[in-house]
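Colleague: Taking the hints as your guide, dock the two standalone chains into a single complex.
The lines below spell out each chain.
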Amino acid sequence: MAELLEISHVEQVFRSGFWMARTQVLHDVSLSVPERSIFGFLGANGAGKTSLIHLIVGIRRPTAGTIKLRGEETWRLEQKARIGYLPERPYFHEHLTGESLLRFFGALSGMSRLQIAARIPVVLSAVGMTAARKIELRKYSKGMLQRIGIAQAILHDPEFLVLDEPMSGLDPLGRKEMRELILSLASEGRTIFFSSHVIPDVEAICDRVALIQKGRLVGCGSIGSFLAQGPRQTEIAFSGLDVATAEASGRFTSVRSIPDGVRATVSSQEAVTLALSDLLSRGAQVLWVSPIRPSLESFFEEPAK
Amino acid sequence: MSHRAETKIPSALDTAGAVAKVTFFEIMRDKVLYNVLICGIFLIVLGLLASRLSYIRPERILLDFGHSAIALSCALIAIFLGSGLIGREFERRTIHMALSRPVLRSHFVFGKFLGICAVITANWLLFLVAYLGILFLMRAEWQVSPIHGALFWSVVFALLQSFVLASLAIFFSTFSTTSLSVIFTVGTYLVGVNISRLHAVVSKLGTGGGLRSLDFAISLLPNLEHFDLGLHLTYGVPVSGASVLLAFAYAAAVCGVFLLLAGVLIRSKDV
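From first to last, the protein sequence lines are chains A and B. Residue numbers for the first sequence follow my numbering, so the first one is 1 and each next one is one higher. Residue numbers for the second sequence follow my numbering, so the first one is 1 and each next one is one higher.
With the rest of the complex left out, here is chain B (with noise of 0.2 Å):
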């Protein structure tokens, strides 16, 4: 028998692809995964109920409460799902039999970060055609059309958002535990959406040395501001080229980052 001559390594998307496509499965068959969707169906239940009982503008109710839905179900996936990729990686093991093979570790975490992004963008979809759905058949109801350009781009920002969340939480969880993870993440995010205020409050507060450092920390994480369309959403307020342009080049800057340090720190793990 002759054995393979020439030995071919395997390009970064070759690994990712493969490292992805498991991963997928695997979130796929994870109990969390229909929890935090049970969550998102009862908020659009919710939301519907909400704007029953408004006589005011309803369909903004259901805006809003579809938004959340969509935006927040993305986000515990990218939390909570995320927070325990790698780490349970090397719990089973798993990943010794990956390491044996000619892959980089930053090749395998960059495949773990497509693995969820795709459990994301399922979930994403999903929600997407159900809330796309009650709003075209409520419309007739409603007499006034709530889809318009600023819907669209508002569920797009909601997916960015949480690709930046999954990159947060796959970082985290290369140097803590799972649940270490998801608390930073989460902190995290909450000093994400709400990076301006908190700009603001150290800033009445004075111009201290130690206020200063605590701005420029702040500054340091990443402003997932950059994803509320807010107000854009609720009244149908166009959103411009240059925002988004500027939402989609933050994002693939701010995941860039989170992997690449990602993959620094992985390379020194103990196996």
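Isolated chain A (complex conformation) (with noise of 0.2 Å):
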């Protein structure tokens, strides 16, 4: 698969204050976009994910490196018109309503009245958006602004989007929406590149992930080998046996009480063994046996190790 998006020794510092004291956000960082594929950028809050967007949407430039989309460098107007852009909050102007804003996108993005007019019912359509296209923005929910957030980034048709935490602030069923709509996105033939600080979001939709800690990129590769890093724990819940002759066993590294019974956790595929011969042989009633993802805390915690 070729590669559409090459970072390549990326660096980025900020002066501030009075003296102008220098901070450096992104150290260092090389990482690579196949062409059609979704790519998740993943980074505790401040680790410097929303950095390195701006620089690949062409919003700054990096102090050193490139960052070249199709061998162009995204700085360029002509590169960031292949661009579509979703921020990790709604920095709209909230006086515009949907249709307005969408129209502002599209004369900033180089298209004509007629293409903008021919593009605003399909966008609305495939973010479903086109019975709130009337209201102003300040009173969409953040779920609705995603949305229109969405359709303004690909307004233009661009064969690259770039999504900031698009599943932030989302409820269970706007994340879930929000991830078919990636997926529709990317089954049209773009390429996705989409930041989060929670796993099971890019676990779920994602064909390739990079992981950046300190403005430092710490692995990229697929989701399976950043998962199978992680500290692997299993939980097991159980009932007929009390919270004190679970834990006299030793055979569990935590134990609580549920209301159905006992909740206990094991660290290892030999333990899950040992733990479930060890409770069906004392007549307990084995409720459920559920492996643990990796915390994005601990897995953050392992490179730095």
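In case anyone wonders, no lab produced these hints; they're calculated from the structure. Every residue, glycine too, gets a C-beta built ideally from N, C-alpha and C. A hint or two may mislead.
[Claimed, not checked] Once the Cα atoms are required to be at most 20 Å apart in a straight line, the calculated PhoX-like pairs of lysine-lysine come out as:
hint, chain 1, residue 1, chain 2, residue 2
1, B, K21, A, K134
2, A, K176, A, K142
3, B, K31, B, K21
4, A, K68, B, K8
[What the hints assert, rightly or not] Not close to chain B: a few residues of chain A, all C-beta gaps over 10 Å, as computed:
hint, residue
5, G17
6, A107
7, G128
8, K142
9, L183
10, V198
11, C220
12, V255
Modeller: Spelled out as structure tokens, the structure:
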């Protein structure tokens, strides 16, 4: 698969305060995004995700290094026209209606009035916002703002979409709908780069993942290879045995009482087998056994160690 | 699905037009605008009352008050609303979205300028219609028509002066806060409308190096006296074509310089 975006040795330095103190937020970041892929960009808050995204969409130019889309630097106007961008928070003029917002961004994207008029119903329908097109943005919910944000990002029909935390602040149903929307946009042949700090969101839809921590890229690869590196734990819930007996058995790393019985965790596959056979032999009833995915926090701690 | 193979960059006018439209409707919702309108209406009403109290040339009083209402309201809009235009875009980060599109920052600034100019012009037209209407109605009572060519040019010059002030406010707002930008613009306005008096004061004080530098610094500031028709308005003295041409050319040049500088400064501004 050809690479659509190539980020090479990118560094970003901000200068702030009276003495123009130097703060480096990105350190030698290099990665590439294959064409027609969904690329997840993981990182905790303040890790440098949005800073890199601003460089990708050409809002800023990197202090050092290059970011190229099909071989041309993304801060160039011609390349910016190929990118659709959804910011983390909807930084839109609130007095605009959904439709007038699309007209505004259509004009800024170099589209003619006819092209804009033809595309607006298409994109509004794609994001399910046709009914709300005449409503002012100040009256939109967070989910509606995200949807209209996606609509403006795809209005000029870009081949590359950059979505900064598209699911942040959405309820579970909103997240599911956003995931489906991203998958549907990808199925149209677009390459999608999206940032998140929520592993399940990334895991559900991404082909490849990059992980950033304190401005440094600590890994890049398939989602499976990442999760395999994280600490593995399994949760076993059972009834018919009290907490004290479970703790005394020494088979579990943690034990706590729940209304239905006891919830305990074990730390390896071998321990699961031993714990289960021990529970069954003591006459306990197993309610469920489920693997616990590594949490983002513990996942981030690993590379630092 | 086939994505657009060719990418089109919007022209400077397309960008500026789109930004101006959004800016116009944004300002139209600003409460400051309505406060300024109320101030302007108050001045006209005050002029109407003052003209009633005068036995000698009451039309001149209304003429001056009406002209002041137009000039002041346009200037206040330019200063108070122009000073916040760029800063607000950065504070609310709405500029991020615009800059992610294929637009130049200088074109964006030009669009903001056009937007506020459109608001100033709408305000100007509103007051002009009211002003001319009152003058027309009072004509019979005064038995003399105060509407003359100088009146027309004086209100046009007030509009040009407001455009200059808007460009100044936008320029200052590219490197300072909204309140500082207001202070700088008001300061420049006060110096600008008193340039010849300041030159006279400086020359009376002496010819030292410091004073010469001060005189030179004053010369660098926009001379807003080009937009003041003064006695032409009061006495209906015709305005020469050269004065009109000079005022238009000067306004265009000053706006051009300050918008150019604003465009350069905003390029290096961190978003």
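Colleague: Per the stated criterion, does the least C-beta distance between G128(A) and chain B lie above 10 Å, as a non-interface residue requires?
Modeller: With a cut-off of 10 Å, G128(A) remains clear of chain B, as the shortest Cβ separation is near 18 Å.
Colleague: Sort out whether K134(A) lies within 20 Å of K21(B), counting only the CA atoms.
Modeller: Holds. K21(B) to K134(A) sits at ~17 Å (cutoff 20 Å).
Colleague: Taking C-beta pairs only, is V255(A) more than 10 Å away from all of chain B?
Modeller: 48 Å, holds
Colleague: Compute the least Cβ-Cβ separation between V198(A) and chain B, then decide whether it is above 10 Å.
Modeller: 23 Å, holds
Colleague: When you check the alpha-carbon spacing of K176(A) and K142(A), does it fall within 20 Å?
Modeller: Given pair K176(A), K142(A) holds - Cα atoms ~14 Å apart, limit 20 Å.
Colleague: Per the stated criterion, does the least C-beta distance between L183(A) and chain B lie above 10 Å, as a non-interface residue requires?
Modeller: 14 Å, holds
Colleague: Are all beta-carbon distances from K142(A) to chain B longer than 10 Å?
Modeller: 16 Å, holds
Colleague: Please work out if K31(B) and K21(B) have their alpha carbons no farther apart than 20 Å.
Modeller: Within the cut-off at roughly 18 Å; holds.
Colleague: Mind verifying the non-interface call on C220(A)? Its CB should be farther than 10 Å from each CB in chain B.
Modeller: Holds: least Cβ distance 24 Å, greater than 10 Å.
Colleague: Grab the minimum beta-carbon distance between A107(A) and chain B and tell me whether it stays above 10 Å.
Modeller: Not fine: 4 Å to the nearest Cβ puts A107(A) too close to chain B.
Colleague: At 10 Å, judged by beta carbons, does G17(A) keep clear of chain B as stated?
Modeller: At roughly 12 Å from the nearest Cβ of chain B, G17(A) sits farther out than 10 Å, so the non-interface label holds.
Colleague: Has the given pair, K68(A) with K8(B), been kept, meaning a C-alpha gap of at most 20 Å?
Modeller: 19 Å, holds
Violated hint for the displayed structure: number 6, the only one.
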